[in-house]
Every structure is written in structure tokens, then in C-alpha cells.
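Since the structure of chain A is provided, determine the placement of chain B on it from the hints.
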Amino acid sequence: MPGASGHKHLLSISELDCEEIYKLLDSARSFAEVSNRPVKKVPALRGRTIVNLFLEPSTRTRMSFEVAAKRLSADVMNFATSDSSLSKGESLKDTGKTIVAMGVDAVVIRCKSAGAPHLLTEWVDCSVINAGDGMHEHPTQALLDLFTMRERLGGLEGLNVAIVGDIDHSRVARSNIHALGKVGANVMLVAPRSLLPERVEEMGARVTGSLDEALNWCDVLYLLRIQMERVNQSRFPSLREYTLQYGLTQTRWNRLKRKPLVMHPGPMNRGVEIASGVADEVESVITGQVSAGVAVRMAVLYDVLGGSRG
Amino acid sequence: MLTFPQGFAGEADIKVKGGLIQKIGRGLRAESYEVLDASGCIVAPGLVEMHAHLREPGMEYKEDVGSGSRAAACGGYSAVFCMPNTDPPIDNSSVAEYVFDRGEDEGLCMVLPHGAVTQGRQGKALAPMGEMGTCRAHVKGFSDDGSPVADSEIMRRAMEYARTFDALIISHSEEPSLSADGQMNEGYYSTFLGLRGIPPESERIGVFRDICLAEKTGAHLHLAHLSTAGSVELVRDAKKRGLPVTCEVATHHFSLDDSSLMGYDTNLKMNPPLRSKADVAALLEALSDGTIDVIATDHAPHAPHEKETEFDRAEFGCVGLETALGLVITKLVGEGVLSMEDAISKMTVAPARLMKMERWGYLPAVEEGLPANLVVFDPEEEWTVDPAAFKSRSRNTPYAGWSLRGRVKHTIFRGALVVKDGELTAGRDAVLSQVKTRGGNGQKQSQANR
Numbered sequence: 001m002p003g004a005s006g007h008k009h010l011l012s013i014s015e016l017d018c019e020e021i022y023k024l025l026d027s028a029r030s031f032a033e034v035s036n037r038p039v040k041k042v043p044a045l046r047g048r049t050i051v052n053l054f055l056e057p058s059t060r061t062r063m064s065f066e067v068a069a070k071r072l073s074a075d076v077m078n079f080a081t082s083d084s085s086l087s088k089g090e091s092l093k094d095t096g097k098t099i100v101a102m103g104v105d106a107v108v109i110r111c112k113s114a115g116a117p118h119l120l121t122e123w124v125d126c127s128v129i130n131a132g133d134g135m136h137e138h139p140t141q142a143l144l145d146l147f148t149m150r151e152r153l154g155g156l157e158g159l160n161v162a163i164v165g166d167i168d169h170s171r172v173a174r175s176n177i178h179a180l181g182k183v184g185a186n187v188m189l190v191a192p193r194s195l196l197p198e199r200v201e202e203m204g205a206r207v208t209g210s211l212d213e214a215l216n217w218c219d220v221l222y223l224l225r226i227q228m229e230r231v232n233q234s235r236f237p238s239l240r241e242y243t244l245q246y247g248l249t250q251t252r253w254n255r256l257k258r259k260p261l262v263m264h265p266g267p268m269n270r271g272v273e274i275a276s277g278v279a280d281e282v283e284s285v286i287t288g289q290v291s292a293g294v295a296v297r298m299a300v301l302y303d304v305l306g307g308s309r310g
Numbered sequence: 001m002l003t004f005p006q007g008f009a010g011e012a013d014i015k016v017k018g019g020l021i022q023k024i025g026r027g028l029r030a031e032s033y034e035v036l037d038a039s040g041c042i043v044a045p046g047l048v049e050m051h052a053h054l055r056e057p058g059m060e061y062k063e064d065v066g067s068g069s070r071a072a073a074c075g076g077y078s079a080v081f082c083m084p085n086t087d088p089p090i091d092n093s094s095v096a097e098y099v100f101d102r103g104e105d106e107g108l109c110m111v112l113p114h115g116a117v118t119q120g121r122q123g124k125a126l127a128p129m130g131e132m133g134t135c136r137a138h139v140k141g142f143s144d145d146g147s148p149v150a151d152s153e154i155m156r157r158a159m160e161y162a163r164t165f166d167a168l169i170i171s172h173s174e175e176p177s178l179s180a181d182g183q184m185n186e187g188y189y190s191t192f193l194g195l196r197g198i199p200p201e202s203e204r205i206g207v208f209r210d211i212c213l214a215e216k217t218g219a220h221l222h223l224a225h226l227s228t229a230g231s232v233e234l235v236r237d238a239k240k241r242g243l244p245v246t247c248e249v250a251t252h253h254f255s256l257d258d259s260s261l262m263g264y265d266t267n268l269k270m271n272p273p274l275r276s277k278a279d280v281a282a283l284l285e286a287l288s289d290g291t292i293d294v295i296a297t298d299h300a301p302h303a304p305h306e307k308e309t310e311f312d313r314a315e316f317g318c319v320g321l322e323t324a325l326g327l328v329i330t331k332l333v334g335e336g337v338l339s340m341e342d343a344i345s346k347m348t349v350a351p352a353r354l355m356k357m358e359r360w361g362y363l364p365a366v367e368e369g370l371p372a373n374l375v376v377f378d379p380e381e382e383w384t385v386d387p388a389a390f391k392s393r394s395r396n397t398p399y400a401g402w403s404l405r406g407r408v409k410h411t412i413f414r415g416a417l418v419v420k421d422g423e424l425t426a427g428r429d430a431v432l433s434q435v436k437t438r439g440g441n442g443q444k445q446s447q448a449n450r
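Protein chains in written order, with the numbering used here: chain A, 1 to 310; chain B, 1 to 450.
Excised from the complex, chain B in its bound form:
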């Protein structure tokens, strides 16, 4: 058993009691606890998703906080930040608290809403960031994700205002006039397929503008789901200059490229779009050299009828919570782009730090005395992606039938075993509040005591 990223990497037993990691050490006695065999597995802090669409309120036919939480727990997540493009949008404290409370009710992971930058996500008038920040949901990330703030003056003032409250502007950076009606990355494949292209420059220009404004205002800018070589180069440069800029990549942007669209599979329709092989190579390099801080999923559930339609009528996005860890281990760790430690860090410590999760008393570490939010995964186990098995309400994945390495075995949230052997536990009421994980070389123990 390995635990990290707190410097400890080796085999140990972990005793969980009263919601906390009570003790880490070798040869802990089982006493009356349930023992989970974690031999050969890695125990890491529960994953933190920085960019998901949970669709509640308003589009519960795609996903709601319950189904999204179940998908997250099965994907190894202990916290999910969700985007405000709901109906009504999360642009005030009432909706923010509603979503937060729904997450608490489900009790499978923290559900932490990002707020809208502007009222109604209309890009015109600032949303009440101060009030959202002090409400129960403690909103500190603000984004008009999907409808980028086009007006540079509004964006400037939003950054200034956010800075006042020590909040983060999360930008889906895009110059909308260049990507109007776009369906996929502009390049050889869009020409071949006759689909309207979204040039990489539309993202790059958006990123450049937002970095300029972050430099001017001193606000913390977090760039969502970067997809192009030009964008990460701008971030690399901004970081060199010490600007308060961070960024994320979505799992589909490093695992797929635009050549896969031959055949018009609408599950491959994303915004930002899947880019060229050269862009993917640049993203991998930016992951490797630390330019990209966070790995997110941009989990975007859609109903079948919204994808089983003409390509130009299909919705953008794919679900990601239940494939993220497997993709990261297969494509990044397996191919030598990132060490396991760095990969996990970009899915735990890095987003937690950016979102200042200590506000909620959330600390992503495997350490004695800390709340037990843990994922236990087998880094070697191969499995085949079967959308029918997803806990998400939606099935729009481009990875159906893919063979991935690295599988979530157990997820422990606030000391409760919420996922055991890859399945949700029978019901929250029956969940054990005291769990001891135990591992060892070839030691097979699976006795379950209450």
C-alpha cells in the first residue's frame, strides 16, 4: 500500500475511526473493524474534480446531484466542483446553497458549486460574488463556463471584483466571433468532413486576453480545459513572469485527437473541440513540465436524444467522472508523461489548493488525524469501459469499449465506505462509519466484521 502525496510511500495499514484517519502504521490490529484488502493497491486522498456539470437544478434528465455524486464516488472522487450553467443558473446564494445542500444530503462526496461571473451568465452585470462567497456553499470559484464573458470590460471588472473577495475567476477562454457555429477543431479533418471549424486561435486569443487582464488586475485566473499548444505556451510564459495564472486540462483533450471524428461520432463533439495530434503532444508536455496544474474531466452529461442526432445539432461534451482515473493512469502514467505521484497530485492536492478547500476543513492528504476522504485503486487492473455500468444518468462517453488500466476499488468519504469493490455500498444508512484499510504483500484478507 502506498500513500501519498504527503511524502510517505510504502506499505501500511490505515485505521479509520469516527470519520478520521486514526492511525497509519504496520501491523495494526483488526479489532472489530471491517478490513479492506488493499494489497497491490494505492491509497490516495479522494480525488477532487474541479470542473463538472451536475445539471441540477433544471436539467435533471441529464444528471442531478444524486446521480452525479454516485458517478463521482465510483470514479474515486471525494469532492466535485460543479459549474453554474444550470437553470436557474448558480448566480446567487440561494441556488448555490441549494446545490451545496443537495450534495450534503446525498453524502457521497462534497458537491461544491462554482458561481456565475455575471447575472444569468449573460455577460453583462456582475453576479453577487461576495454574498455567494459567504453563504453556506462558500463559493470562491466563478465562471460563466460555456458562455465566455465576451466583453473585455466586464471581464476586467469581474477580475477586480473577484480579487476583492480573494476569489478565483475560472475562464472558458474563447473569442466567440472566431468559433461561431463551429462543430470541431478547424484543420484537415474539419475540411474533410465538411464541418464548420473552431480554430485553435479562438482559444488562444481568449487565453491571451484573460492573461492580460489577470496581469492588470492581479486577480487569480484559472483557465479551464485548455486544448491547444498556443494556449499552454501562453500559460507557460505567464507563469515564468510570476502571474497569478493556473490552468487545467480535461481528460478527453489529452487522450483523443480530431482524427477520431472521422465517422461523425457525436460523443466526440466537445467544446473546446478535440484538437490535432500536435496540440495533444503540447498538452502532454505541459502536463509533464508542470505548466498544467490540474487534471479535470469537464464531465458534461447529455441525454441520448441530444447526442443521437445530426452532428451539428448534437450537444457538446462527454461524461468523465467514471473514466478519469483510468485515462490518467493509462495515458499519462502508463506512457511516462507523469509519475503516479504527480498525476494524483493534479487530481487532488493541486485543485484543493487552488480552491482553498481548507475553507471547508477539507485537506487532501493521507495523514493521521485528518478526515478520511480516500480512494483505494488498483493501478494495474485492466478493465473495459462499459457505459451501461455508469452510475451517471448519462452515457455520452467516447470511451465505450476502451481498455483502461487503473481501477477504483473503494472510496471512503468522511470515514464512510461509499464504494466497495467498485460498487456503491447498499445504502448510505448501512455504510460503516469505521473502516480500516489494510494491505500487504500478497496478504489476502477480506474478513468483514462489524
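With the rest of the complex left out, here is chain A:
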């Protein structure tokens, strides 16, 4: 979406339409092929500079963006909080301006503050890509999830997707609710009420407290990582209770006649939201999501940087 500065950004799924989503997915499909070549590099973004501004711990998303940028021949710089001026009290605005003054074409930002990528677009003169902002959105995750579903199941329209876990704190869930809704899939959120945000149904999702109800309905079972640090925040009683109610246990899995596509944004907590045996069985899908992540991020970087100004 072009911002006030004339640069193109990717800030949220909510601002994309169905056509734009498919355009990115199609583009990702052609970029996926690059990763299968012996020489995994195309010159699409040669001479462009991308900064990974990661203000919150992240391994896979940062590495995925880094690999994606490198496969497009862009120059990549990584910026982490611990060794940065932000830890010395510099504001995000000043940090952003300083980085961009070095001649940067795009900032990929991961931040614990919802809306920080939006605000950054008002402060810096370059493209901004949201790599996850607080509890708001994680648009490239949703795109790679849609990419995976589409490749594995053939299409997205009419798919029944159940998302299980701590919806309230999940930017992955929010982006997927938007994205799946836009492409005509059906979303069911599976969680105790204490892990669901207010009026989430109005975002276009059904809600249930019963995993078994969802299992009987869904084509895709999307498990969220349960964040251990939430356990003592009165949201749910214990991991044991969570696993009993919402874990994809071996028993639940074995009982299913029609097995859904099981997906997980990682990192997994084996034995909590997914039994270890089930995780092994569905591993190829989950690692497939990771590979898709590179292709999708190549598509996004190319769309934001290459598509518009070439």
C-alpha cells in the first residue's frame, strides 16, 4: 500500500484486498523455484539495501527475511535491540531516521508495540515491512500460511480453518483471520474465552471452546504456540489443563478419521499444544511453512521495492 511518502509498504493484511493477496501468492510461487536452484540467487534487488530492525527476539522470521533479501541480491543489515542505541534510550523515531539516513530502501521491523510499523512510515523516508508488531499483525506469516494451504490443498476458497490457542495475544491469528476471510475461507477460533479478545467474532470468525468440535469441522488445524509466560496471568490454569482441553494429543489425533492439514507457526512446544508423535507425523508441513516463508518474503520484498520503482 503506497504511503504518504510515496513508498510502498506492507503493514497489515487488513489493508490488502483479495487480488493483492493472490498476486503475492502467485509471485511467491515463482520465487519458490529460485530456492531449488543450485545457485539460489536472482538479481532482482541488486543494489538495494534492506535493514532488519528487530526490536524483539526472533530467529526464524529474521533469518527468513535475511535469506529472502539475499536471494534477491539485496544488501542486508541486521539491527537488534541489545546492541543498539535503543538500549541507550534513543527513540524509535530517531533510530529509524538514523538508519534510513544511511541510504536504506526498506526497513523490516519486528517490534513488541502494536502499530509501530504504521508510525514508522510517518517518520522515515523508505518502505516499511511489518515483521510482527505486538498483538496486532504478522502479515508475512499469514501469507506464507495461505501459500502453504494453497499448495497442499489446491485452493483457499471454502476451506475450513480452525486456529487453536492464545488468540488474544496472537498477531499470527489476527493476520490469518483477515487473510482467510478475504480469500473466502471459513475461520473458527478454538480457545477458552479467557484467551479470546473482545468481540473477535466481528472480525469474521466463529468461536468455539471445544477442540473436538473444531476437529470434526476443519480442513486445516492451525495450532498456535502457547506462551508459557501467560500461564500465571490468570488466562488459564496450567499447561496440563491446556493440553487436556486444547492440545492435539495422540489420542485425539488417532481418533480422527479424516485428518486435517496440521500447521504451526513455530516454535512448537512438543507435549503442550501438540504431542510429539503427531508433530513428527506432520513435520513436513511445518517445515514446508518455513520454506514457504522465504518465498513469500521474497515476493513481498520484490513487490515493495522492485515492483514499483524497479
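FYI, nobody ran anything at the bench for these hints, they're computed from the structure.
Nothing here was measured: the structure is a model prediction, and the numbers come from that model.
All C-beta atoms, glycine included, are put in the ideal place defined by N, C-alpha and C.
Hints are supplied without guarantee of correctness; some may be wrong.
What the hints assert, rightly or not - Stretch by stretch, here's where chain B covers chain A in the computed footprint (C-beta under 8 Å, at least three residues):
| # | stretch |
| --- | --- |
| 1 | 88-101 |
| 2 | 128-135 |
| 3 | 196-206 |
What follows is chain B alone, placed relative to chain A:
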């Protein structure tokens, strides 16, 4: 020219002399006085702000008594009550007198501090309300605004103690455990934006507790900046039962709702937060039926770096003194929620009565023989809000670029013309001590004699 709310509404000339309204009548002779053309304008008592943060002492980079007074005068105010969340806090007579004296030194409006309920605003030990009440500042309103007294036992004793001194407890009512880490109203938009919500129930529970305690103690409770339908319903019920409870609404709570936060503008981050459209509708109804006594601004200046930051790191609040009258006329009078008389009354007579301002000899009326604290405003003039033109030291307003109707032309404080044609007069020393305002149908007079 209209004057009110003392029952007189019509055209007249007003002669101001020696700090007093000397004469009101038609066809007064100009003699040697400066004549202000007020045709088409309304002359009302100077506005009274019941809830402002002037930041002095301690946070003068946001605002001080001088810049706050200038903003107030330009907004049409003749008196501003300021909150004690300063550094050091206004929890003793020394700081109270300091702030009061600073206001007198500036001489643009009365600056009247509210005192803290508890020492250091810590919610633990009562502040010396008796001493603050008898000091030069005559503090009679007590509030730990922004840090609500969480402990119900302390609040109970504070009300009992305040009642002894005929003082008012002003409560920012909130159940803190429900709003911890909250950034905005909890609802669809907080879910969409991924911002931690502040449920309306946190205010409602706080209001309910405080009304219960007011009922028990008989103390006068004034509820600050109510924002939810549930809260005003509780006040409506309390008033029906004859309890000593009053309340206010802040201008942003009736003019904006939480849907405006899409886009993460930190100037829209308030505490209490901007609520839902249904809450706004309930506030308008409560204004209309008299449940809400006072219109305040909760003027909360913040420096740019405190707002140009991530939403969850940004400070709460917006400046309000220079947009209040325009918002009230545009949103309340213009849309038929309140008559002009009732609207002005909620910004003058009502807060003055609650704060018993006769203590300072302050009487908000346009009447012969009274001190001349007046605002002259054009209820029809349209203007565009330009934060760069604010006299406040801070610019954190959500109304930049808004077109408002109703503009302050002149402000007269203790007989001195402190704002003329929307601008501060050149300097206090040069201010005329004798002013005659004059109006009439289409009569254009602007001769200025000394």
C-alpha cells in the same frame, strides 16, 4: 449581544470600570473608553475549567502556569483548577500557595490548585486537606487524579475527612486491576489493532465504589471525566436518590470515539480512553438530561517526544483549553444536545458552584457590580484548529485541521482586556483597566480610545 446565564438575554452595552462591570444597558456613551465591537457575539462569564494539568512545578517542559494561563485566556477561561500530579505533587500548602501565586503573577486568569487526597499521591496516608483549605490557595477540591485511590478504606477515610472541611473529593474512578497495561477502550477496535484494552467496567466499578462511599460518608463526590454509559447511569441513579454526587465530562469524550484510533495516532491516546459510539451517545444524553454537571477539558499537555513514539509508550491525554468552546458549540449546541445557555452554564456557573468559588469572591455572572471576568465569543464564526497557533507549550491535540464553529474574540479578566481579537494583548502592563464592550445589530465600532 447576549448576556447570561443570569436571565438577561438580549442586546446591550457593558461598561467595565475599575475591574467591575459598572453598567449594563443600551446606548451607553463611549466616553473615553476603548470600545470593543461585540455585534453578533455572546458575552458570557469567563469560563471555568475544573480539570487541567498545568504541570508546574516539575514538568515545565510540557506546560507551566504562564503558558497554561495564556492558553486558558485564549480559550475564554477566567479560572482554571489544576490537578496536583506535579513534581513535587500539590499535597501541602506550600506547593498549593506556590501554584496559586504563580497564577496571580501571570494575571491572565485565576489558577486554583486542587490538592492531592493522599501524601505524594501514593494512596496511603491522607494529605493535609485542612491546612491546604485554609492557606492562600483555599484548596477545596482533592484528587489523586491519574493515580486513583485504589484502597477503599483510604478512600472512605478521605471522604470522611474531606467532609469535615466541607471539601470535595474529585475522583478519577477506576478499578486498576482491570485496566492494567491498557492502551485504549476494550472492544472491537482494540482487538483489531492488537492494543491492550481498558474495559468500560473498570471505570464503572470505580464509580460504583465511590458512589457507595459517598453515600456512606455523606461527602461530596465529584466524578472526573466520565466516559462510559455505565458510569453515567450510576450517577443518574445516585442523583435520583439525592446523593451528594456530581460529575464532569471531558470535551474529547463526547467529540471522539474509539474508531478514530485506527491508524495509531497517539494524540488519541487518553485515560480514560475514547470509548465506543454507544458510550458517546450515552454521554450526550447525560449532558442533555442534566446528569453531567460540568464540561471540562482534562487539558493534559505533553512534549512531542512523549507522543511521537510507539503507541504503548506514548503518554495519555491531549491539550484542551483552546478547543473546548469550539467543540462545545460545534458538537453540543450545533447538534442540539444542549442549548447555548446550558452549555455555557456547564462551563461557568456549574463548576463555580461546585467549587464554591465565592470563597475567592469569584462570581460567574454578567451583572452590574460584579468583577468583570468575561468572555466575548462569536458563536457562528468557523475556524480551523491549527496546533502551531496554540498558546499552550504543547501541541498534542487530536483536533488538528478540524473545522469548529464558535470562536473566542475577547477575554476580560478582572476588568483587564487580556485577549483581544483572539490574541493575547501585548503585555499585561499595557492592558487597559477600563473596557467597555459594546454591541448592536450590524453596528461596527472599533474605535479605540484611551
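Item to check | Violated constraints from the hint list, given by number and in increasing order | outcome: none
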